[in-house]
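Chains as they are written, first to last, in our numbering: chain G, 1 to 319; chain B, 1 to 319.
I should point out that these hints are in silico values taken from the structure, not numbers from a laboratory.
Backbone N, C-alpha and C define an ideal beta-carbon position, used for all residues, glycine too.
Careful, some of the hints might be misleading.
What the hints assert, rightly or not - Covered by chain B, per the in silico footprint, the following chain G stretches (three or more residues, Cβ under 8 angstroms): (1) 70-76; (2) 170-184.
What the hints assert, rightly or not - Here are some of the chain B residues that sit facing chain G, going by a computed Cβ distance under 8 angstroms: (3) LEU52; (4) PHE159; (5) ARG177; (6) PHE179; (7) ILE182; (8) THR196; (9) PRO197; (10) GLU203; (11) MET204; (12) GLU211; (13) LEU214; (14) PRO248; (15) LYS273; (16) ASN276; (17) SER278; (18) ALA279.
As the list claims (entries may be wrong) - Below 25 angstroms or equal to it, Euclidean Cα-Cα: the simulated PhoX-like pairs (lysine-lysine) are: (19) LYS195/B <-> LYS291/G; (20) LYS195/G <-> LYS273/B; (21) LYS305/B <-> LYS217/B; (22) LYS217/B <-> LYS314/B; (23) LYS195/G <-> LYS50/B; (24) LYS195/B <-> LYS305/G; (25) LYS92/B <-> LYS195/G; (26) LYS273/G <-> LYS291/G; (27) LYS314/G <-> LYS291/G.
There are 2 protein chains.
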Amino acid sequence: MQRIDVQQTAEFLRSCEDAYILIHQSPDGDCVGSGYSLQAVLRQLGNRAKVLCSDEIPARYDYLLPESEEEFEPKCIITVDVADPKLLGKYKDLYADRVDLCIDHHVSNLLYAKQTLLCADAAAACEILYALYRYMQVQFTEQIAMCLYTGMATDTGCFKFDNTTPETHIYTAELMREFPDIRYGLINRNMFDVKTPSRLRAEMLMIQAMEYYLDGKCAMICVTQELRDKTGMEENDTEGLTNLPTQPEGVEVGVTLREREPNVYKVSLRSAKDVNVSAICQGLGGGGHVKAAGCLLKGTLSEVKATILAAVEKGLEQA
Amino acid sequence: MQRIDVQQTAEFLRSCEDAYILIHQSPDGDCVGSGYSLQAVLRQLGNRAKVLCSDEIPARYDYLLPESEEEFEPKCIITVDVADPKLLGKYKDLYADRVDLCIDHHVSNLLYAKQTLLCADAAAACEILYALYRYMQVQFTEQIAMCLYTGMATDTGCFKFDNTTPETHIYTAELMREFPDIRYGLINRNMFDVKTPSRLRAEMLMIQAMEYYLDGKCAMICVTQELRDKTGMEENDTEGLTNLPTQPEGVEVGVTLREREPNVYKVSLRSAKDVNVSAICQGLGGGGHVKAAGCLLKGTLSEVKATILAAVEKGLEQA
Numbered sequence: 001m002q003r004i005d006v007q008q009t010a011e012f013l014r015s016c017e018d019a020y021i022l023i024h025q026s027p028d029g030d031c032v033g034s035g036y037s038l039q040a041v042l043r044q045l046g047n048r049a050k051v052l053c054s055d056e057i058p059a060r061y062d063y064l065l066p067e068s069e070e071e072f073e074p075k076c077i078i079t080v081d082v083a084d085p086k087l088l089g090k091y092k093d094l095y096a097d098r099v100d101l102c103i104d105h106h107v108s109n110l111l112y113a114k115q116t117l118l119c120a121d122a123a124a125a126c127e128i129l130y131a132l133y134r135y136m137q138v139q140f141t142e143q144i145a146m147c148l149y150t151g152m153a154t155d156t157g158c159f160k161f162d163n164t165t166p167e168t169h170i171y172t173a174e175l176m177r178e179f180p181d182i183r184y185g186l187i188n189r190n191m192f193d194v195k196t197p198s199r200l201r202a203e204m205l206m207i208q209a210m211e212y213y214l215d216g217k218c219a220m221i222c223v224t225q226e227l228r229d230k231t232g233m234e235e236n237d238t239e240g241l242t243n244l245p246t247q248p249e250g251v252e253v254g255v256t257l258r259e260r261e262p263n264v265y266k267v268s269l270r271s272a273k274d275v276n277v278s279a280i281c282q283g284l285g286g287g288g289h290v291k292a293a294g295c296l297l298k299g300t301l302s303e304v305k306a307t308i309l310a311a312v313e314k315g316l317e318q319a
Numbered sequence: 001m002q003r004i005d006v007q008q009t010a011e012f013l014r015s016c017e018d019a020y021i022l023i024h025q026s027p028d029g030d031c032v033g034s035g036y037s038l039q040a041v042l043r044q045l046g047n048r049a050k051v052l053c054s055d056e057i058p059a060r061y062d063y064l065l066p067e068s069e070e071e072f073e074p075k076c077i078i079t080v081d082v083a084d085p086k087l088l089g090k091y092k093d094l095y096a097d098r099v100d101l102c103i104d105h106h107v108s109n110l111l112y113a114k115q116t117l118l119c120a121d122a123a124a125a126c127e128i129l130y131a132l133y134r135y136m137q138v139q140f141t142e143q144i145a146m147c148l149y150t151g152m153a154t155d156t157g158c159f160k161f162d163n164t165t166p167e168t169h170i171y172t173a174e175l176m177r178e179f180p181d182i183r184y185g186l187i188n189r190n191m192f193d194v195k196t197p198s199r200l201r202a203e204m205l206m207i208q209a210m211e212y213y214l215d216g217k218c219a220m221i222c223v224t225q226e227l228r229d230k231t232g233m234e235e236n237d238t239e240g241l242t243n244l245p246t247q248p249e250g251v252e253v254g255v256t257l258r259e260r261e262p263n264v265y266k267v268s269l270r271s272a273k274d275v276n277v278s279a280i281c282q283g284l285g286g287g288g289h290v291k292a293a294g295c296l297l298k299g300t301l302s303e304v305k306a307t308i309l310a311a312v313e314k315g316l317e318q319a
């Protein structure tokens, strides 16, 4: 349960053998890019390495995957971009207690690994890995570069969010100079713009359902079972759409209610500017980050809406 | 009608007096950021300077504007980000023939000014200006930094498009290091995510109207007068939404038809990947860029659709 620095991490990687690299469930661009770049680097060092994920890697990340995989039993367990062992999903029971090295950028990291390289200022795990690989004088390949670019771009909303650092931009520039032939624009299109037709339709239905409260400072979308039955909207098409109610001009807090079972609602709050939605959700028995938080509320739809609007109104006053 | 380099441009700016800085009509983040940063720099050098635009500057750029303006007659005319004097709008007749200096990044620049600093590789006019100001050892202020950041971010779709250069990222990193207190994430939210409720509604109606053709490789949205009458959608809410039909997975060409008058359609084509839509539109009497082009077609809606689909099918075969 020891924190280590870049130099110690480099020493560990140079001497480790037969590594399993575990990434978090519901994999995103940063953990996929982290996992597969580290696999490539360990192989370059003459080691065997294999990425494991509790969920299937979505097909849009196929361009980051190696041509071949090897089967072997691990002598060493590494996690990347995994703040909490429960995010290992089905691999939790098998490996959570024997993680040798964790590389992560989440301030909430539980320090569950024997050794942890934690850089909470980094925008992405891939940003940490970029610096680590440079320190190790790794031979960058096009695949490693695509992995690192994808991780940094996706975790920052394409350099849009506040977590973007000067280093994110510098490292990206260095990758672009060394690998001018990578189609960065096409990667971004596939990561940020391409949507399945059913996803696009869910977006449309959710915009249609948007309600405005508190002088337009709060927008709310209620995804009820009734709405799902009427439209055929699937639950997983609404994942990741919780930023939608922050889009209208003037909105400070965006709320998405999703009915989990009768009279039980999962509530997601997003702050567009200065309201601390983590505090609001803590007051309602939930939690999260300052700009993105959630809670579970019981009651009729109108009761739940009233509870949230009262809490949001108080949050707006305090901001 | 002479092309000049950064050094000559610096000399010009150091010696020019009482400058009008003209930016293009339908102003965007790059020309606004270019114009107002240059105004600040010229004032720093002890000159009078004033930005002119044929259209009103949208309120979302208010944070880039200076606190005060001065009234004076110009001794010198400068254009920034203006490829063609006709983009000066209502100022064209007055100033088009007497532009002393043009600073631009469009390869299509008509070289209409007496002297032109043209860097067609730059992602944004603000990228050229950043390098120019550094060469001139300008004292950067927060306002100049916000202008340059806004120009580079908006012209690249927040570093998403293929025109993004390593320099875009490097200059951005340098601005972030020198001015860590600027709220870059909030600027991006206002530039890219915030939408008026009527704009959001137009998006919803357009997604609703999306049709798929050619095995899903072509998506088409027809904004007919009938649709406008039925929904109350306003024409200017649909501006800039021509990328919408490129969002569905698998689409290679996105088409937006907008009825201008009975049996006359403005057609906008967007290429998601490799199809050259400029060539397609040229074949139909229009033109544009490889990835974004348009034309005007006459006929009934079904005739116009058939014409376009035949041309897109040919374009897909040639890609």
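These are the hints, each one checked on the structure:
1. 70-76: violated (count 0)
2. 170-184: holds (count 8)
3. LEU52: 27 angstroms, violated
4. PHE159: 4 angstroms, holds
5. ARG177: 5 angstroms, holds
6. PHE179: Interface hint status for PHE179/B: violated (11 angstroms vs cutoff 8 angstroms).
7. ILE182: 11 angstroms, violated
8. THR196: 5 angstroms, holds
9. PRO197: 5 angstroms, holds
10. GLU203: 7 angstroms, holds
11. MET204: Where the cut-off is 8 angstroms and the nearest Cβ of chain G is about 4 angstroms from MET204/B, the hint holds.
12. GLU211: 11 angstroms, violated
13. LEU214: 15 angstroms, violated
14. PRO248: Hint on PRO248/B: holds, closest Cβ of chain G at ~5 angstroms, below 8 angstroms.
15. LYS273: 7 angstroms, holds
16. ASN276: 15 angstroms, violated
17. SER278: 17 angstroms, violated
18. ALA279: 20 angstroms, violated
19. LYS195/B <-> LYS291/G: Roughly 19 angstroms separates the two Cα atoms, so the pair holds.
20. LYS195/G <-> LYS273/B: The hint holds at about 15 angstroms.
21. LYS305/B <-> LYS217/B: 15 angstroms, holds
22. LYS217/B <-> LYS314/B: 12 angstroms, holds
23. LYS195/G <-> LYS50/B: 44 angstroms, violated
24. LYS195/B <-> LYS305/G: Holds - the C-alpha atoms of LYS305/G and LYS195/B are around 24 angstroms apart, at most 25 angstroms.
25. LYS92/B <-> LYS195/G: The hint is violated at about 42 angstroms.
26. LYS273/G <-> LYS291/G: 8 angstroms, holds
27. LYS314/G <-> LYS291/G: At roughly 16 angstroms apart (the allowed maximum being 25 angstroms), LYS291/G and LYS314/G satisfy the hint.
Figure legend: structure checked against the earlier numbered hints; hints not met, in rising order: 1, 3, 6, 7, 12, 13, 16, 17, 18, 23 and 25.
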